[in-house]
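Using the sequences plus the hints, can you model the full thing?
So for the sequence shown, our numbering puts the first residue at 7; every next one is plus one.
The set of hints was computed from the structure by calculation and includes no laboratory data.
Nothing here was measured: the structure is a model prediction, and the numbers come from that model.
Treat each hint with caution, since some may be false.
[Said to hold, decoys possible] Below, simulated SDA-like cross-link-like pairs (lysine to any residue); rule was C-alpha separation at most 25 Å, straight line: (1) LYS31 x THR135; (2) LYS514 x GLY503; (3) LYS514 x ALA478; (4) LYS286 x ALA216; (5) LYS428 x GLU391; (6) LYS31 x THR96; (7) LYS428 x THR296; (8) LYS332 x ILE365; (9) LYS514 x THR555; (10) LYS428 x LYS286; (11) LYS428 x PRO541; (12) LYS437 x GLY503; (13) LYS369 x LEU412; (14) LYS286 x THR155; (15) LYS428 x GLY371.
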Amino acid sequence: MADINGVTLNAGSGPTVHYTITYTKSRPNNSQMTYHFTIAAALASSGSYIHSGYALLCTITVNGSSGQVRIKAADNDNWDGTTPRYRYVTVTCSSTTGNAAQGVRFRVVSDGRMSLSSGVIDNSGYTVTSSALLTTACGAPSACSVSPTVAEGNATLSWSGASGGTNNAVTGFEIQYSDSSNNTDWGSWTALSTVSSSSGSGSLSVAPPAARGTYRRFRVRTQGSAGSGYYSGWKVSTNSVRKNTPPQPAANLAASPSVYSTGSVTISWSGASGGTSPIKGYMLASRTSTDGSAWTAWNVLETFDLSASGGSRTVPASDVPGTYTKYGLWTIDTLDVYSSEQVSNTILCVAAACDEPTIAAPKNGSATYNPNPRVLMTTGAQPSEQVAQVRIGAGSWRDGVNNPSLFSPSGTVGGSAAVMFKAETQTAGTKTLTVRCVNPDFEAPSAEISRSFTVLASPFEEIAANETKVKASHITALRTAVNTVRGYYGLALVSWGEEITAGRTEVKNWPLHILEIRAAVEPVIAVINQYSTDPGFAVPEPDWEELGTGRPRAAVMNQLAELILSL
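Printed below as a string of structure tokens:
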């Protein structure tokens with residue numbers, strides 16, 4: 007095939023017509039070429055002719071696109087001689103390749119009333135050469151958006167639909183961003199990143215603005231191999247992203263009861279709200295203090311889902327008396343962002359009612375000769391501060407704070423403390439004794455423990471020195487009184503070594519009976535002194551009178567009688 011420019015074509019039979027074809031070309035755009043053909047047609051010799059009634063129509067086809075021109079009209083057109091006729095044809099055809107041969111078909115036919123074979127030609131053995139392609143800019147992405155539109159961390163910017171230009175392949179993308187406080191008024195564009203890629207689409211992890219609630223949009227343009235002069239225009243994202251605005255803590259948070267000893271504590275709150283994202287739930291924590299001033303760090307109790315702006319919760323509380331507790335509540339949104347904390351009022355654990363005390367003496371149903379009877383008791387294990395209280399009959403309560411002379415130790419005592427109460431003077435008769443302990447911080451009394459006992463009149467006959475003769479009945483009275491007192495203090499009764507019978511028991515053994523009685527009294531003294539060593543409460547160790555031989559002296563007998571009456 008030959009390039010048609012300047013080529014002479016000869017017709018077939020009949021009058022010979024010579025066609026000389028030349029062309030020029032232009033490129034209106036990179037997908038088309040326009041060819042401007044000049045056709046010079048002339049008869050071969052001066053004697054040649056084509057008469058009126060015949061016509062010649064010339065068609066030039068390039069890549070399937072055609073242009074036509076009439077060389078000779080059918081009527082009133084006699085063509086004689088060698089004078090050339092000039093005709094012009096313009097053909098615009100597809101052409102996406104520069105400097106390439108494109109096939110040309112040159113066809114001349116008769117369109118007259120009679121068939122004409124002379125001068126007809128149909129030749130496709132020729133080409134034209136396309137112009138070099140123009141360099142064009144890349145195509146911007148057709149779509150660009152960011153997701154999610156509310157983010158605590160990074161979001162994803164995505165784009166697609168970008169294209170390269172002519173002689174300008176895609177090499178990457180340039181990304182910029184702009185910020186706004188209201189999603190309407192935007193600041194200037196700031197360079198963000200460049201992504202190398204030959205694809206028409208892509209994505210990039212992008213950060214929301216540092217300032218919570220501020221919006222950020224993006225724009226992307228396509229970079230090409232032809233350089234920055236042929237980059238695409240910018241494609242602005244159809245939406246924007248903003249950093250999550252944190253939720254708001256509850257406006258009110260209350261813990262109740264404010265003072266408690268046992269049982270559950272309830273917290274109630276209201277007025278919480280989401281920020282950019284709705285409420286998902288809450289985190290609850292507590293901290294404690296022993297003085298209401300210095301507090302421990304927060305201890306998380308639970309994290310729970312609840313979309314409501316308020317609610318209530320039963321929560322654990324310290325069961326250690328004297329411990330202060332506060333609660334903190336944090337609002338959590340659906341992006342797991344926490345509000346600042348809301349802090350509750352302070353609640354205080356006070357000791358519950360005291361543990362029940364125990365009574366060592368008097369034993370229930372026992373008796374004593376002491377008109378100021380002793381009560382031996384031990385406070386309960388809890389709390390650490392207690393006040394012992396005693397009441398006899400229907401009388402008023404006596405306690406170690408308001409009646410310190412009656413108690414040893416007086417005042418406030420601890421848990422599991424040994425306490426002695428020495429009653430005011432009582433008349434002879436049966437008494438009801440009631441004992442309890444009270445928590446001074448909470449005014450909570452323990453259970454009341456009661457005992458029945460009897461205050462007896464003295465069983466002893468007065469023994470005067472050098473006047474009264476000590477008899478068997480005196481020894482027997484001492485024995486009976488000692489066992490009575492031992493029973494009051496919970497000691498076992500003594501089985502005496504020898505029965506004393508008036509007129510029969512030998513006098514020589516009486517000192518042994520006195521020693522036996524003294525030995526039976528001493529454990530009582532020891533029990534009493536376990537509860538107090540204070541003067542007026544404790545029993546001094548006796549400085550026993552000399553016994554001598556034979557019948558006991560009055561001083562010996564009176565010493566024992568006085569001691570028994572004081573126990």
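Against the structure, the hints come out as follows:
no.: 1; hint: LYS31 x THR135; result: holds (9 Å)
no.: 2; hint: LYS514 x GLY503; result: holds (15 Å)
no.: 3; hint: LYS514 x ALA478; result: holds (12 Å)
no.: 4; hint: LYS286 x ALA216; result: holds (23 Å)
no.: 5; hint: LYS428 x GLU391; result: holds (21 Å)
no.: 6; hint: LYS31 x THR96; result: holds (9 Å)
no.: 7; hint: LYS428 x THR296; result: violated (37 Å)
no.: 8; hint: LYS332 x ILE365; result: violated (40 Å)
no.: 9; hint: LYS514 x THR555; result: holds (7 Å)
no.: 10; hint: LYS428 x LYS286; result: violated (66 Å)
no.: 11; hint: LYS428 x PRO541; result: holds (12 Å)
no.: 12; hint: LYS437 x GLY503; result: violated (33 Å)
no.: 13; hint: LYS369 x LEU412; result: holds (20 Å)
no.: 14; hint: LYS286 x THR155; result: holds (18 Å)
no.: 15; hint: LYS428 x GLY371; result: holds (18 Å)
Against the hints set out earlier in the document, violations occur for numbers 7, 8, 10, 12.
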